[in-house]
Structure formats: C-alpha cells, structure tokens
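Asker: Sequence:
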Amino acid sequence: MRITEHFVESGGWFIHLKQSWAPEHLDRTLRPLVIIPGYGMNSFIFGFHPQGTSMARCLAEAGFEVWSVNMRGQGPSRPMNGRVIEPSLEAYATVDLVNAIEFILAETACETNRVDLIGASLGGSVVYAYLALHHEQNKVGSVVTIGGPLRWVVVHPMLKVAFASPAIAGMVRFPYTQMLARHAFPLLSRIPGVLSLYMNAKHLDLSHAQDLTKTVDNLHGSINRDLAFWMQNTDLVVAGVNITEALVKVRHPLMVILGNKDGIVPPETALAALDAWGGEDKTSINVGTPDDWYAHADLFVGNEAPQRVFTPIADWLLARQTYRA
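By our numbering, the letter at position 312 of the sequence shown is numbered 329, and the numbering carries on one by one without gaps.
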C-alpha cells in the first residue's frame, strides 16, 4: 500500500486528505473512492482493522484509488491562522466535501472526471446533503452509506435524552473522547454490554484496544446542536433545504449498509434513504442475525467486516463503473 497525505484549504481550515492505493492492483479506469467519516470519528478507522484488512486496503486491493477525508475539526485537520471556525453539517456538505472532491479530481492518478462516495455514519448524512444540494451539477458516480441516518424514524432512548435540548447539546464540548475510550474499551472484555449501543464485543479483537481508541474523535458542541435540532425535526434540514424531500431528485446508484441491532443509527433510520431516493438502482445490506447481531462500530472494525461489508462494497461499485449522471 502506498499512502500520501494532503492538506487542502477549505473555508478557514486545512482539511486533511489521505490518498491510498496498491500499485500492483490499481486500475486507473476506475473512479476514485472518497470516504467521509462520521460523528466522533476520524479517517483512521478506514486505514485500520484489528485483524489486518482495513476498508482502505480491501478497496485498494480491488483496484481502487482510495481517499479518506477528515473534515474541519476531525483528525489532523486544523484551522488556518489559529482561528477556529466551528464545524457544522452545512459546512461539511457545502464547503469541505466540495473542496475535497475538486482537489481529488485534480490530483488523482485515475483517468476519470467523477468520484464514488462512501459515507460512514454521519458521513453518510453529509453525502445525502451534498447530493441533495448539488443534484443538478456534481461529479459523483455511485454512492454507498454505512450506518448513515437521514430521517430519524427511530431514535434510541439514550440519544433522545442526550439530544433533547439543542441549547444544552450545543454547550457540550468533549475534547477527551480518546482518553475516555482508552478506559472504556478494556471494559468490553469484562462487561460486554457496557458499549452494546455502539458495538458487539464478541465481534471485536480487543488485543488492539489502544489502536481502537484512535478511531474515535472529539465531540463538537456545534455538531451536537445540529444533531439535536435534526432529531427534533425528524428530517435533516441543511441550508434551509429539507434533505429528505430533496433526495427525490437524486438518481445515482445507492447502496445502504446497516447493522441489524445498531443502537446509534437504528435500521429504520438508515433505511429511510431508500424511500427518499429518486434513483431506481438502490439496494441495502442488513448485516447480522438475531443470534449474531451487529451494532454500529462492528460495520467498520468487526472481525468479519472485510467479508461482510468491505468486499460487498467493492463488488457493487465495480459493477457500476459505467454509470453516468
């Protein structure tokens, strides 16, 4: 695997992009893949897997050039001139993702003028918002979302309490997420239910608990406030546009992947995108069974994620390289 890192100017920030490819497998005729992380995440999770085959590696070995994006406030991204401009869902969808795609198409080694988008968790919501707001003109081929909320058909009771008040949620700034994770992950082996809202401990190789902590990121009050308003309204509204309603104009091929017992983004909430989507080429994969259930994080770092999530994504995208908007 070859990796190159880039910092791109974006609305008062330098956002961080990581370009990954496998020289012996790279097919330059394929569209580059752009992966966007979600809430409390950063792009480290796409290049790491406790048992070796990360999402980025799996996709690169399938022939793709893979780009992961840390939006403002995520991972190594940093404010310009030391002046912090708070992140927001609107800035992610209308500024950062726009600038990331333009930079990637200018720098890619691939012979194409479009990208495919993979949105992880809240990154999927950012992808929905980007496409709804740019449905008449964008440079996107196919779309994959993994545990991505659109319409909060179902909200876990714990999240209802946490995001009951936009004003209070907006005041919550937690810069110690990784420190908390360092204490929480070791508990999984002794008290498996402690984080069942987020992950199923039996799917995780906890011998790499310290590395797992690097997959989480700090929480921002401004994003918390956006989430609280969104859960109150049910539908995502960005830049004054109801994204759920606007997606009827979006025709790109869509794959939705979800965990059957995801407490962060329940199945009904993830699947709402299929009903809203205007295109006919749309499908879903519900990972897990009643006896072998999958939660949110299992879709990214679970022991069988390479077989049950990453490889199906690669196969589906490879079959849709002829799509033209």
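Do not rely on the hints blindly, as some may be mistaken.
[Unchecked claim] Only pairs whose alpha carbons sit at most 20 Å apart, straight line, appear in this in silico EDC-like list of lysine to aspartate or glutamate:
1) Lys219 x Glu285
2) Lys177 x Glu285
3) Lys219 x Asp309
[As the list claims (entries may be wrong)] So the derived label-pair ranges between C-beta atoms look like this:
4) His42 x Gly238: 23 to 31 Å
5) Glu41 x Asp298: 25 to 33 Å
6) Leu291 x Gly28: 30 to 38 Å
Read the hints as simulated data drawn from the structure, not as lab findings. Quick caveat: nothing in here was measured; it's all calculated off a predicted structure. Virtual Cβ for every residue (Gly too), placed ideally from N, Cα, C.
Asker: I'd like to know which numbered hints this structure contradicts. Please list them from smallest to largest.
Answerer: 1 and 4
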